[in-house]
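Heads up: the sequence shown begins at 127 in the numbering used here, then just goes up one per residue.
Take the hints with a grain of salt, since some may be wrong.
To be verified - Computed cross-link-like contacts, DSS-like style, restricted to lysine-lysine with a CA-CA straight-line distance of at most 27 Å:
no. : residue 1 : residue 2
1   : K190      : K271
2   : K190      : K220
3   : K305      : K271
Simulated from the structure, these hints should not be mistaken for lab results.
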Amino acid sequence: MRLRRPNDKSGVRSQKFLFWILNAVFCILLSVFVAEAETYNNIRAKIEGDTTVFTIEVKDAELKDVLRALARQNNLNIIVGEDITAKVTFSFDKITFKDALEIITRANGLNYVIQNNVLWIGKKEDIAKAGEDFVMEIVQLNYAKAADVAGQLKGVLSEKGSAVPAARTNALILRDMKKNIEEAKRLIKSLDTRTLQVVIEARIIEVQSSFARDLGVQWGAAYAAVGRDNFTTAFGSTATPPPSTLTPSGFIGSGGQFASQPNYAVNLPATGVVGPVGALGLSFGTLRGDPLLLDLRISAGERNGQLKIVSQPKITTLNNTPATIHSGLTFKVRTTATSSTTGATTVTIGTTGAGLQDITTGIDLTVTPQISADDFINLNIVASKSEPDFSRSVDGIPGVSEKKASTSVLVKDGETTVIGGLYKSTTSDTDNGIPYLSKIPILGWLFKSNSKTADNEELLVFITPRIVKYDGEDIPTEVRP
127 MRLRRPNDKS GVRSQKFLFW ILNAVFCILL SVFVAEAETY NNIRAKIEGD
177 TTVFTIEVKD AELKDVLRAL ARQNNLNIIV GEDITAKVTF SFDKITFKDA
227 LEIITRANGL NYVIQNNVLW IGKKEDIAKA GEDFVMEIVQ LNYAKAADVA
277 GQLKGVLSEK GSAVPAARTN ALILRDMKKN IEEAKRLIKS LDTRTLQVVI
327 EARIIEVQSS FARDLGVQWG AAYAAVGRDN FTTAFGSTAT PPPSTLTPSG
377 FIGSGGQFAS QPNYAVNLPA TGVVGPVGAL GLSFGTLRGD PLLLDLRISA
427 GERNGQLKIV SQPKITTLNN TPATIHSGLT FKVRTTATSS TTGATTVTIG
477 TTGAGLQDIT TGIDLTVTPQ ISADDFINLN IVASKSEPDF SRSVDGIPGV
527 SEKKASTSVL VKDGETTVIG GLYKSTTSDT DNGIPYLSKI PILGWLFKSN
577 SKTADNEELL VFITPRIVKY DGEDIPTEVR P
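Whole structure, please, built from the sequences with the hints as guidance.
In structure tokens form, the structure reads like this:
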């Protein structure tokens, strides 16, 4: 058997022929692809770059017919979904084809896409299925939270599109048609803006006014029997005899001096029962004669006082974010815990532990600012004052008395508003006297003293908000040194 070697020249010619065939096919495919791309770009450029304006008025017309008429007017191939049955009425004056197409499709819940030299118009979900390919893009946010912005993009993305927040990098992963992605990016740009800040300056003034009044009486008498033994019977008379038979009426001493006078039968002077009250005495006279001595003094004291407690805290907060200011005292109260075990015939109660509980009192102020476009600030203000009430304790834990006021006001940047009306009033009326004798009508005043006190508290809060404005160096001007 003889083997025959194939002809080398014929093989080379076959390979060259195959190469030319493949090259020709590649060129044809490339030209088709380029032609389609150019057609796509030409149609999109024709729609987006056409600045010719026209006027159109439609009344109760089929939407499909209107879209087809607009496409023919601009020499475009168009396919309109068969399920579009709406009727429209509108009037456009001097509008471009792109703007008219955008308004009509968006108003009727439609979308459009360019494919194979054809303008496709249909519902958003249908266009997403058969329209242009989806693209994915990552958008980095600077100020807004990605999770918050993602919820705002549902209106511009198709049902098949998505916006996934990346919490670690504060970015959004967008996936949708290119046209919807561009709309979403425009919306993101308008939402991702620098949040304004507000400096809240509060002046808290706590006004406490007090009033006290004391009325007192001192008197005594003595009877001296003139005889060999010079016997004297005294009923609370003064130890030191008066300097004359009759001492004229006049002002004598102060409350402290009255308190030190001995030997009065009724010794209830104005000594400041409710505090260090200054008192002034008036002596009606000391009558001395045989055999009767009489000494009578009436004293009175009065006190007025006012105290102002002023604090001026300042805090900076973001727009629409509450700012909280607390000025007060936190003290601890020891508490005990008990448990009980009930048996068939016995009940056992024992202490299982003890601890400390915090009681916080003072002034709390919460301010939430909202800045408007014209530099006005809406302030939502809640002011409260709390203090312990030991008269209402339960298991050693005092109650807390609280006064609270809330309001919403609109002020201009730098103006001041005030909150008042947090009042507390305490009054007391105390009588000190000798039992039974002090209750005698009219004459009972010779056997008792009286003190009255009145305390009033008012809380005033002055609030001045200032918008933090930035200069060219991004340095807030409101907090510059």
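Status of the hints after comparison with the structure:
A distance of roughly 41 Å separates the Cα atoms of K190 and K271; the hinted pair therefore is violated under the 27 Å criterion. Distance hint between K190 and K220 is fulfilled; the C-alpha atoms sit about 22 Å from each other, no more than 27 Å. The straight-line distance between the Cα atoms of K305 and K271 is roughly 24 Å, inside the 27 Å bound, and the hint therefore holds.
Violated hints amount to a single one, hint 1; each of the other numbered hints is respected by the structure.
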